[in-house]
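What follows is the residue order along each chain.
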Amino acid sequence: MMRPEDFNRASILRELGVTNTDAALSQIMSDMIATLCKVAWPRTIWRIYPLTWEKSLCLGDVPLPGKDIAAHLKGCTQAAVLAVTLSSAVDTIIRRFQATDMTKALFLDAIASEACEHLCEDVEKQVRARTDKPFLTARFSAGYGDFPLSTQSGLLRLLDAERKIGLTATDRQLLLPMKSVTAIIGLSDSPVHDARKYVCGVNCTGCPRYDTCRSRVTR
Amino acid sequence: MTLQSLLSKEFVFLDGGMGTMLHLSAGEIPEQLCLTEPERVAAVHRAYVDAGSEIFMACTFGANRIKLQGTGLDAVECVKAAIAIAKKEAGDSALVALDVGPTGQLLQPAGTLTFEDAYDAYREVMTAAEAAGADLIAIETMSDLLETKAAVLAAKENTKLPVLCTMTFMENGRTFTGCPISAAALTLEGLGVDAIGINCSLGPQEVLPLMKELSAWTTLPLIAKPNAGLPDPVTGDYHVSPQEFAEVLSQYAEIGVQFMGGCCGSTPDYIRALRSALSTKTRDRSPRQVPKAVCSGTRTVRLDMPRVIGERINPTGKKRMKQALLDGDMDYLRGEAISQTEAGADILDVNVGTPGIDEAAVLPQAVQAICEVTDLPLQLDSSDPAALEAALRIYAGKPIINSVCGKEASLQAILPLVKHYGAAIVGLTLDEDGIPETADARFAIGKNILERAESLGISKENVYLDCLTLTASTGSGAADTTLSALRRVHEELGLETVLGVSNISFGLPNRPLINRTFLAMALTSGLTLPILNPMAADMMDTVRAYRMLAGYDENCADYIAAYQDTTAVPAAPTAEKSAQTLENAVAHGLKQEAAELTKAELDKGTQPLDIVNQMLIPALDTVGDGYEKGKLFLPQLLQAATAAQSAFAVLKANMSAENSGDKGKIVLATVQGDVHDIGKNIVKLLLENYGFTVIDLGRDVPPQTIVDAAVSHQVSLVGLSALMTTTVGAMEETIALLHQQYPTCKTVVGGAVLTADYAEKIGADCYAKDAKATVDYARTVYGEV
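Protein sequences, first through last, are from chains A and B.
Quick note on numbering: the first sequence equals residues 1 to 219 in this note's numbering.
Quick note on numbering: the second sequence equals residues 1001 to 1785 in this note's numbering.
A few of these clues could be false.
As the list claims (entries may be wrong) - Below 30 Å or equal to it, Euclidean Cα-Cα: the simulated BS3-like pairs (lysine-lysine) are:
1) K1292/B with K1419/B
2) K38/A with K1292/B
3) K38/A with K1212/B
4) K1591/B with K38/A
5) K67/A with K1419/B
6) K1665/B with K1318/B
No lab work stands behind these hints, which were simulated from the structure alone.
Given only the sequences and the hints, what does the whole structure look like? Please build it.
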């Protein structure tokens, strides 16, 4: 279960592009955090697979195409693949608020994204506790840089995610339920790299979201 | 050997996991092995037959064309091969089941797959399996009740094979899509499956309480196929040993489970252990009584006390609802569904019958839209059997059908639908001769409806009777006739009773007083399902008070929760309120005040258009300016927009269509393949604020549908949203199609992955960085600025 105190309110505001809040917005935020905690039934799953580097990079039997993921995982011999989802009840409640109160829907949407982030951090801790590798890369997801979204279904298959946590991908590789994340964490005996080019603040120049990114504006 | 002969046994042993036994290497798909290496699959079956499995699953779990998309495999070919392999190993010692798993895609409205596509994918493999000699169909590991329904209907409507059906539940007793055990059981038993159960998801210890719950909700034979515990994330091994597994499963006998096997991580050793553990056991055979209930795909409502059926989604006598239906404005229906849910309704009636509406097309659409925003069970209300069937097919859950009557034609058209789709039915006590004047005659018609229903195998628990409310002003004794008939139906037949309450006061002054008094009388006479307007507080008050007084509300908890604050009504801060202006209320996002102040302006005689142009738009502009200058943020902009929306709702009720101040029509859609639509909905809200009429096509909309809507409504602007790199392609396609078929139309695009450069590249006329920018562009296109 999720607890209201687990939420990073500053980060939610940043996601919403709000730099100074007022009492009304704070109240909406508190209400929506409580709502999310009530309806979400978060599920997570992760597995460790070997990375093979012959010809092309593969995690288990799933090819990981693109220069960016290869650079990110350089030196790793294993990687953890993880998936988290807040369940379709969260999609439903966000949709319901869109029909009645768009501000609440917007908050709930951002709060749910923050909750996914929190779940990923939790999983990362579990991975750290179980692996004998001393160095872990940052999480890298399909869609970052040139690592294509089309890898999504392969990652779900490695996790048997549909059966284990009810997470699916559409034929256009959109995760459903919508409030879900998949990611890869490289595991290594030597210090690791971070090739997340455009991920929030690492390198804004050339980022495809440059125009709309709130993190950049407020930084 | 047949399923029937196995059913006479104490226990029926199924098989265990297939995937683990196949020792798949990189990239191998189990279904493919049936074609390329049949011996590997055969060896697994042989091992299970040797271990004592009496029914085993052919290697077809993922064999449907949706799941196999992109693999180059043909689902039907895989199934034919798989059944042939299994039949050979089964011989006379076991039955072969076509194993049917999920498509791997979520159905609408949660996902993009349509019910009929899922149905077709299942139908083709099921008919192929029957032709190839499969003995039965086992639908397994399902999470979405609607997808499960598609599979069950495909089996029942196209084959003669028995159907076993198991779903996957989490520790909280719900599937991943939120379906509770009770709703699964009510729906699947209604659809006529032969046995029902739980598989996968958890280990035997965790599934045990879930099975107990299931046994309380079905009279069907029970199936249990848990996992061998949970997989270790590092090694992938499952932690429950065959002995532990068998020990826990032998406790399942005490709750009456007859079919037992294993799922992920289990092997022939588990089946062997299970057989030996159960060899001396007997299963509980005490009769099970299922509580009376109806359900949606996510909520079960027990009929253990008077339950309110909300009547608001019905165009009869409601101009605004009629208009919404004619305009295809599903948001209005969604709004009515939400407000009735919040007001405390237990079930919602859905009626879309009005001239100019194709009910068979619109009723299912309306049902789907409503199910997106409420989890209440629905009552499908139509006199058109085709409309009812269209809605029944795509409804996840056990609905009520409203209604059948004593007329022969009605009985023949409606009752088979009730049986086939496992619904409950409201019977109206009228026939070819109209509504009888006496209670006895109404009772007799009701009794006949019940008998006809029972003769088709519809159980008494699923027949509700409506003894019909006639208006009290037509003559003395109208109310008494209704209540006498109702009392007899309730007491002598033991049926649930339905009554539309507010008819009673038609044509009389002070209708609310008559309505609530009649409601109280009817409840006392045995009314269990009043159909009423949940927004009428005095009606809900009466229901709550009745429930409390009649002993349905333990410790008066619900009553107290609903009314504990009413003694402390704060004095209305009149002075403060009167100082508030409409502009101010909108700018500060005060929804209720904005509506009240709009009403006040209208009462003062201010023209609706003046309110829009001189108060609302300037207020929105002020907020918009603040937003653009970075003084205000999106949440505040939206608060103002929502407040303005509530003001518009008041105005709409007071404006004629010609004088609505319409600034022009705009088509909005989230492109095909994309389901992220919050951005599009924000744009819609703002556009409507500025007086545009938005034709909202929703999400995942095919290019041609968008172009067709643009052409038929003759719009000058189409707005498209796409959130993912994989779906901007569909945006480009849509723009190209528009240029081809409707070149005068402008396009505005937005979405997180879009840039101005990219928008230009795909031929869009405008890239809007946010919702406000879209409004600004729309105002330019329609020559406002």
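Now the hints, each set against the structure:
{"no.": "1", "hint": "K1292/B with K1419/B", "in the structure": "holds (16 Å)"}
{"no.": "2", "hint": "K38/A with K1292/B", "in the structure": "holds (28 Å)"}
{"no.": "3", "hint": "K38/A with K1212/B", "in the structure": "holds (25 Å)"}
{"no.": "4", "hint": "K1591/B with K38/A", "in the structure": "holds (25 Å)"}
{"no.": "5", "hint": "K67/A with K1419/B", "in the structure": "violated (59 Å)"}
{"no.": "6", "hint": "K1665/B with K1318/B", "in the structure": "holds (24 Å)"}
In summary, the structure is inconsistent with hint 5 from the numbered list given earlier, while agreeing with all the others.
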